[in-house]
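Participant: Residue numbers (this note's numbering), protein chains in the order written: chain A, 1 to 495; chain B, 1 to 505.
It cannot be assumed that every hint is accurate.
Said to hold, decoys possible - Selected chain A positions facing chain B (Cβ under 10 Å, derived; list incomplete):
(1) L87
(2) F155
(3) P229
(4) I230
(5) F244
(6) F309
(7) G312
(8) D376
(9) T456
Everything labelled a hint here was simulated from the structure, so no lab data went into it. Ideal placement from N, C-alpha and C gives every residue a C-beta, glycine not left out.
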Amino acid sequence: MAHIPAGHRAAWASRMQLLRAVLLDDRRDGEPDQRRAAGGLPDALRDVVDPCNRAHVWLTLAVLTGRLPDRTTVVEVARADEFDGGLTLWRAVVDLTTRESAGWTVRVAVDEVLVDLAHTASTVLTTGIQRVARETARRWLRDHALTPVSWSHGFQSIRELTAVERERIEQGRAEEDVDARPEATVVVPWHCRYVVPELAAEPARSARLLALAELTPNRTGVIGFDCVPITSAETTHTGFAAVFAGNLAAIRHFDRVATISGAAAAEYSGWRSSLSAIGVSGPLIEAVQLPVEAAVPDADDLAAASSRFLVGGLPLVLVVGSHEPRKNHLAVLHAAELLWREGLQFSLSFVGGNAWGSAGFTRRVLDLQRQGRPVDTESRLSDGRLWAAYRLARCTLFPSFNEGFGLPVAESLGAGTPVITSSFGSMAELAAEGGALTCDPHDDHSLADALRTLLTDDAVHARLSEEARRRPTRTWDMYAAEVWDFLVERGPADA
Amino acid sequence: MTRTAGRRWDGADLLVVLDQRLSVAAHALLGDDALGTTDGQPPGVRASALVAQLIRLCQDPSRSDARWLLLTAAFGAFPTVDQLKTFGRFLELTPLEIAEAALLADVLNDPRRGRVDLPMTLVDGGTLVDVDFCARNDTHTGIHRVVRETIPRWAARHDVTAVAWVDKYTVFRTLGPPEAARVFDYGTRPHIDAAGEASYRPQLVVPWRSVVVLSEVPDPRTSRCLAALARYSGNRLSLIGYDMIPITSAETRPPSDSVAFAGYLTVVKHAHRLAGISRSAAAEFAGFAASVTAQGLAGPEVREVQLAGEAPRAAAGPPAPRAARPVVLCLGTREPHKNQRATLHAAERLWREGLDFEVRLVGGPGWSDTVIRRAIDDLLAARRPVTVLGRVSDEKLIEEIRSASFVVFASLHEGYGLPVAEALATGTPVVTSNFGSQAEIAEAGGCLTVDPRDDDAITAALRRLLTDADELERLRRETAARPVRTWDEYADELWEFLVASEDMP
Numbered sequence: 001m002a003h004i005p006a007g008h009r010a011a012w013a014s015r016m017q018l019l020r021a022v023l024l025d026d027r028r029d030g031e032p033d034q035r036r037a038a039g040g041l042p043d044a045l046r047d048v049v050d051p052c053n054r055a056h057v058w059l060t061l062a063v064l065t066g067r068l069p070d071r072t073t074v075v076e077v078a079r080a081d082e083f084d085g086g087l088t089l090w091r092a093v094v095d096l097t098t099r100e101s102a103g104w105t106v107r108v109a110v111d112e113v114l115v116d117l118a119h120t121a122s123t124v125l126t127t128g129i130q131r132v133a134r135e136t137a138r139r140w141l142r143d144h145a146l147t148p149v150s151w152s153h154g155f156q157s158i159r160e161l162t163a164v165e166r167e168r169i170e171q172g173r174a175e176e177d178v179d180a181r182p183e184a185t186v187v188v189p190w191h192c193r194y195v196v197p198e199l200a201a202e203p204a205r206s207a208r209l210l211a212l213a214e215l216t217p218n219r220t221g222v223i224g225f226d227c228v229p230i231t232s233a234e235t236t237h238t239g240f241a242a243v244f245a246g247n248l249a250a251i252r253h254f255d256r257v258a259t260i261s262g263a264a265a266a267e268y269s270g271w272r273s274s275l276s277a278i279g280v281s282g283p284l285i286e287a288v289q290l291p292v293e294a295a296v297p298d299a300d301d302l303a304a305a306s307s308r309f310l311v312g313g314l315p316l317v318l319v320v321g322s323h324e325p326r327k328n329h330l331a332v333l334h335a336a337e338l339l340w341r342e343g344l345q346f347s348l349s350f351v352g353g354n355a356w357g358s359a360g361f362t363r364r365v366l367d368l369q370r371q372g373r374p375v376d377t378e379s380r381l382s383d384g385r386l387w388a389a390y391r392l393a394r395c396t397l398f399p400s401f402n403e404g405f406g407l408p409v410a411e412s413l414g415a416g417t418p419v420i421t422s423s424f425g426s427m428a429e430l431a432a433e434g435g436a437l438t439c440d441p442h443d444d445h446s447l448a449d450a451l452r453t454l455l456t457d458d459a460v461h462a463r464l465s466e467e468a469r470r471r472p473t474r475t476w477d478m479y480a481a482e483v484w485d486f487l488v489e490r491g492p493a494d495a
Numbered sequence: 001m002t003r004t005a006g007r008r009w010d011g012a013d014l015l016v017v018l019d020q021r022l023s024v025a026a027h028a029l030l031g032d033d034a035l036g037t038t039d040g041q042p043p044g045v046r047a048s049a050l051v052a053q054l055i056r057l058c059q060d061p062s063r064s065d066a067r068w069l070l071l072t073a074a075f076g077a078f079p080t081v082d083q084l085k086t087f088g089r090f091l092e093l094t095p096l097e098i099a100e101a102a103l104l105a106d107v108l109n110d111p112r113r114g115r116v117d118l119p120m121t122l123v124d125g126g127t128l129v130d131v132d133f134c135a136r137n138d139t140h141t142g143i144h145r146v147v148r149e150t151i152p153r154w155a156a157r158h159d160v161t162a163v164a165w166v167d168k169y170t171v172f173r174t175l176g177p178p179e180a181a182r183v184f185d186y187g188t189r190p191h192i193d194a195a196g197e198a199s200y201r202p203q204l205v206v207p208w209r210s211v212v213v214l215s216e217v218p219d220p221r222t223s224r225c226l227a228a229l230a231r232y233s234g235n236r237l238s239l240i241g242y243d244m245i246p247i248t249s250a251e252t253r254p255p256s257d258s259v260a261f262a263g264y265l266t267v268v269k270h271a272h273r274l275a276g277i278s279r280s281a282a283a284e285f286a287g288f289a290a291s292v293t294a295q296g297l298a299g300p301e302v303r304e305v306q307l308a309g310e311a312p313r314a315a316a317g318p319p320a321p322r323a324a325r326p327v328v329l330c331l332g333t334r335e336p337h338k339n340q341r342a343t344l345h346a347a348e349r350l351w352r353e354g355l356d357f358e359v360r361l362v363g364g365p366g367w368s369d370t371v372i373r374r375a376i377d378d379l380l381a382a383r384r385p386v387t388v389l390g391r392v393s394d395e396k397l398i399e400e401i402r403s404a405s406f407v408v409f410a411s412l413h414e415g416y417g418l419p420v421a422e423a424l425a426t427g428t429p430v431v432t433s434n435f436g437s438q439a440e441i442a443e444a445g446g447c448l449t450v451d452p453r454d455d456d457a458i459t460a461a462l463r464r465l466l467t468d469a470d471e472l473e474r475l476r477r478e479t480a481a482r483p484v485r486t487w488d489e490y491a492d493e494l495w496e497f498l499v500a501s502e503d504m505p
């Protein structure tokens with residue numbers, strides 16, 4: 001241990017006092033004193049750290065180095081400690097402390113609620129998952145005492161949010177990229193509720209969350225969106241299945257998963273029952289269905305959407321969602337062409353960006369446009385104009401092969417516009433409350449039949465529109481409160 | 001030049017085999033009358049005559065099976081779901097005579113989907129078994145042993161066609177003579193007629209109203225074709241389900257395994273039947289099948305058909321003398337989920353307690369042995385009696401099992417745990433995991449079970465068997481009383497469930 005920078009020694013000295021205080025507190029809480037030989041550790045730690053206890057090893061490494069260890073590191077250090085009285089643990093502290101991490105301020109959070117928003121806080125973009133995480137976290141911040149957190153670069157440690165990041169969560173807008181991360185305080189959770197309302201699938205993050213969930217006395221909960229990368233790998237990027245499986249490996253040790261629909265609960269429950277093969281019971285899973293709050297478009301948005309989407313007096317058929325294969329937009333184009341050939345008159349507009357595997361869709365749209373069919377695509381649309389487009393449409397189509405929720409179905413119904421969607425999963429759940437026709441998305445004719453009905457049968461159209469308007473409203477406030485109740489309030493007592 | 005055929009394609013030859021393949025398809029779809037007589041006509045005339053009739057049949061939207069067979073015959077490759085759907089949509093929007101010409105033009109423009117240069121045979125109402133990996137490779141661990149014990153038994157009792165894939169993994173083909181030997185006569189040195197091998201020319205093999213059995217986990221490149229075959233061809237797809245380690249225990253495998261396995265699951269979800277090799281494996285796949293209800297699929301019917309646990313053949317003979325110093329035998333490839341690391345830790349604790357024993361490790365290095373290798377190096381440096389034998393022959397393995405005091409196999413995840421069953425069948429007690437398939441095997445006696453994630457539990461089990469001779473002897477007696485499940489029983493039950501059952505959906 002020759003060339004240890006003075007900065008490291010200073011950091012360890014002050015962090016040792018933090019660690020000592022936390023572990024002394026633990027003992028007052030009645031935790032039995034199981035200390036084993038700790039002669040390899042500095043004096044300040046000998047009477048509080050059990051170097052063979054995996055939770056103690058995790059905490060010691062996390063606090064003293066400022067970086068969270070993975071499972072293998074903790075287990076191997078604890079094993080070696082048995083034979084050298086903690087010398088290996090101290091060596092690991094020395095080896096794993098970096099010049100950078102020695103400079104961080106470290107805080108041990110005890111008995112707090114930590115909400116992990118690493119991705120959502122880093123961007124103002126709004127994918128489906130980020131919208132859920134942001135809307136939920138914003139309400140939790142308003143209603144409860146909690147600490148929102150992110151990760152240091154490379155997912156080395158959990159840290160507090162910067163002011164800019166917090167603004168992104170609370171206001172949904174902020175400067176795009178402010179490089180204000182390094183000085184934020186590192187947070188080491190201990191006896192905390194650790195809640196992840198977004199998809200935390202980055203491999204380094206998954207590996208550290210696995211160790212945190214399995215080896216420490218923290219209680220953990222997560223929002224489960226879907227298991228599509230495993231159950232429908234043919235519809236996702238090659239490689240994402242492995243990333244997602246790494247996320248599941250961590251979630252395996254979590255206490256609770258709040259899924260966004262009954263269908264997502266079925267996916268996670270199937271996965272959990274597979275865990276019997278490895279003698280693990282897995283998390284408690286409960287569906288807390290997402291809300292949709294329909295916005296009322298103003299006159300400007302309606303006028304802009306009318307001029308953008310309406311073609312003469314033709315009824316508008318609207319399709320919202322990116323053009324990835326899972327959304328089944330080629331079937332929509334085929335069903336539409338069959339009906340155009342029958343002589344039906346309508347225009348077809350897609351709202352959504354290009355995505356992985358969308359080349360075939362783009363080609364087919366061009367073919368149809370060359371043949372003079374009234375079909376087009378719009379890749380960027382403000383929320384106000386999107387809500388206006390929903391209102392203007394005769395009906396919307398969403399015949400996806402697999403969805404955790406099916407946001408465009410809920411949005412269309414929230415706007416009072418009938419929708420045609422798939423006859424299973426989360427889409428069927430939404431359809432069950434009225435306003436929708438369902439079809440078999442694997443059968444183009446089933447889709448064409450449903451579309452023909454909505455275009456030609458005014459009675460059915462009126463009935464479904466009425467049903468859509470009568471659907472019970474479900475708000476983000478309700479959703480955020482229910483998820484908080486399940487993941488935080490009703491979580492199991494601290495071990 | 002084609003890479004696969006290694007020779008220049010001759011246009012007329014290609015038309016001759018195209019005539020042949022389309023005749024086979026037409027025979028199946030339209031009957032002999034449709035074939036007519038085109039004898040004496042130039043190559044290709046028959047093909048164009050048949051395509052017209054076949055496409056007419058394929059215009060019926062309910063005949064996805066006919067479209068599947070026509071595309072297979074035309075391209076010499078099984079179609080993917082996307083190709084099938086595109087073709088179906090094209091037929092619905094295109095006049096007949098244009099569609100005929102377009103299909104033949106597509107074959108000419110895109111001849112490299114499969115093997116347009118090979119003739120095909122149809123297996124109608126029969127049973128095909130994919131043994132591609134075992135046919136091409138000499139590897140002989142878990143899955144390969146199951147295939148080589150089971151499929152030859154099927155072939156002896158039933159009409160079975162064993163197939164491999166062409167090099168592009170888009171269509172089945174017959175096995176070459178050395179390949180058949182690797183599957184059906186593994187371990188012997190069969191006489192392969194050199195002239196016969198030289199003149200061997202593969203044929204494409206296409207199932208029709210048949211059962212296709214995947215006895216291995218197929219190459220990931222087959223996923224798209226197999227999903228379409230399962231869903232649209234009218235054939236039934238049956239699988240042996242080994243385990244879902246790359247998903248359920250993803251952190252113990254390389255990411256590429258998880259990606260490949262997720263591709264396999266795109267086939268599994270459309271399969272009709274799946275035989276799990278243990279209750280545990282069946283439960284894993286049943287969990288997956290339950291999760292695909294969210295996408296409107298039923299998933300395969302899953303049932304347990306427990307693997308055999310016979311002692312390997314070399315096991316007969318007088319018992320080997322046991323060494324004076326007890327031997328703890330650690331079995332398994334050296335990779336994270338096999339968990340030998342925990343056993344080595346327990347051993348070090350016991351050596352420090354003063355117990356005298358040797359640890360021997362059998363099994364080759366796996367995808368990552370970083371952690372275990374470091375532990376072994378440390379023990380060797382400390383002059384502990386540890387011997388790393390690596391991969392050994394079946395005979396050597398049996399010798400090691402028989403001369404060991406007991407075997408430790410405390411894996412974090414197994415579909416079955418063949419080494420546990422085989423050690424027990426050889427009469428040697430086993431320390432194994434207290435969940436999943438390992439616990440199932442332990443139920444019939446001869447084992448101490450432990451939580452493999454608990455070093456204290458493993459230590460206690462080893463200490464007990466090293467210090468309590470009565471307990472070891474009791475377990476040894478239990479091994480003798482275990483019922484032995486034979487490969488014959490396994491092969492028969494597997495056939496009954498995967499192939500013979502009348503109530504196949």
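Participant: Work down the list of hints and note, for each, if the structure agrees.
Facilitator: Each hint tested on the structure:
For L87/A, the interface hint is violated, the least distance from its beta-carbon to any beta-carbon of chain B being 14 Å, above 10 Å. The closest approach between the C-beta of F155/A and any C-beta of chain B is roughly 15 Å, which is over the 10 Å cut-off, so the hint fails. With a least beta-carbon distance of about 7 Å to chain B, the hint placing P229/A at the interface is held under the 10 Å criterion. With 10 Å as the threshold, the beta carbon of I230/A comes within range of chain B, its nearest partner Cβ sitting at about 6 Å, so the hint holds.
Below 10 Å, beta-carbon pairs count as interface contacts, and F244/A has one with chain B at about 8 Å; its hint therefore holds. Interface hint status for F309/A: violated, as the beta-carbon distance to the closest one in chain B is roughly 26 Å, over 10 Å. Of the supplied interface hints, the one on G312/A is violated, with its beta-carbon coming no nearer than about 25 Å to a beta-carbon of chain B, more than 10 Å. Because the beta carbon of D376/A sits about 20 Å from the nearest beta carbon in chain B, more than 10 Å, this interface hint is broken.
The interface hint given for T456/A is broken, as the beta carbon of that residue sits about 20 Å from the closest beta carbon of chain B, more than 10 Å.
When the structure is compared with the earlier hints, violations turn up for hints 1, 2, 6, 7, 8 and 9 and for no others.
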